[in-house]
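S.K.: In the numbering used here, each number is its position in the sequence shown, counted from 1, plus 70.
Everything labelled a hint here was simulated from the structure, so no lab data went into it. Everything numeric in this text was worked out from a predicted model, so none of it was measured. Errors might be hidden in some of the hints.
Cut-off 25 Å, straight-line C-alpha distance, at most; resulting in silico cross-link-like pairs (SDA-like, lysine to any residue) [unchecked claim]:
hint, residue 1, residue 2
1, K86, T105
2, K93, Y103
3, K93, T105
4, K93, I80
5, K93, L78
6, K95, I85
7, K92, L111
8, K95, T81
9, K92, T82
10, K92, D79
11, K86, I76
12, K95, N84
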Amino acid sequence: MQESPIMLDITTANIKTRNNVKKRKINETVNRYKTLLVLGLRNDI
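Using the sequences and the hints, build the whole thing.
M.R.: In structure tokens form, the structure reads like this:
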């Protein structure tokens with residue numbers, strides 16, 4: 071039963087890394103959208 075806390079730590083670490091990857095992907099898409107908007111405005115000017 072001594073191995074269970076270690077396994078729990080590993081699973082929580084995996085979940086945290088997955089959440090971080092999701093956040094990064096969302097931020098990348100938002101930044102791309104913003105840059106497209108800015109470029110579009112600059113092209114209009």
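S.K.: State for each hint whether it applies.
M.R.: Verification of the hints:
{"no.": "1", "hint": "K86 <-> T105", "in the structure": "28 Å, violated"}
{"no.": "2", "hint": "K93 <-> Y103", "in the structure": "15 Å, holds"}
{"no.": "3", "hint": "K93 <-> T105", "in the structure": "18 Å, holds"}
{"no.": "4", "hint": "K93 <-> I80", "in the structure": "20 Å, holds"}
{"no.": "5", "hint": "K93 <-> L78", "in the structure": "23 Å, holds"}
{"no.": "6", "hint": "K95 <-> I85", "in the structure": "15 Å, holds"}
{"no.": "7", "hint": "K92 <-> L111", "in the structure": "29 Å, violated"}
{"no.": "8", "hint": "K95 <-> T81", "in the structure": "21 Å, holds"}
{"no.": "9", "hint": "K92 <-> T82", "in the structure": "15 Å, holds"}
{"no.": "10", "hint": "K92 <-> D79", "in the structure": "20 Å, holds"}
{"no.": "11", "hint": "K86 <-> I76", "in the structure": "15 Å, holds"}
{"no.": "12", "hint": "K95 <-> N84", "in the structure": "17 Å, holds"}
The earlier numbered hints that this structure contradicts are 1, 7.
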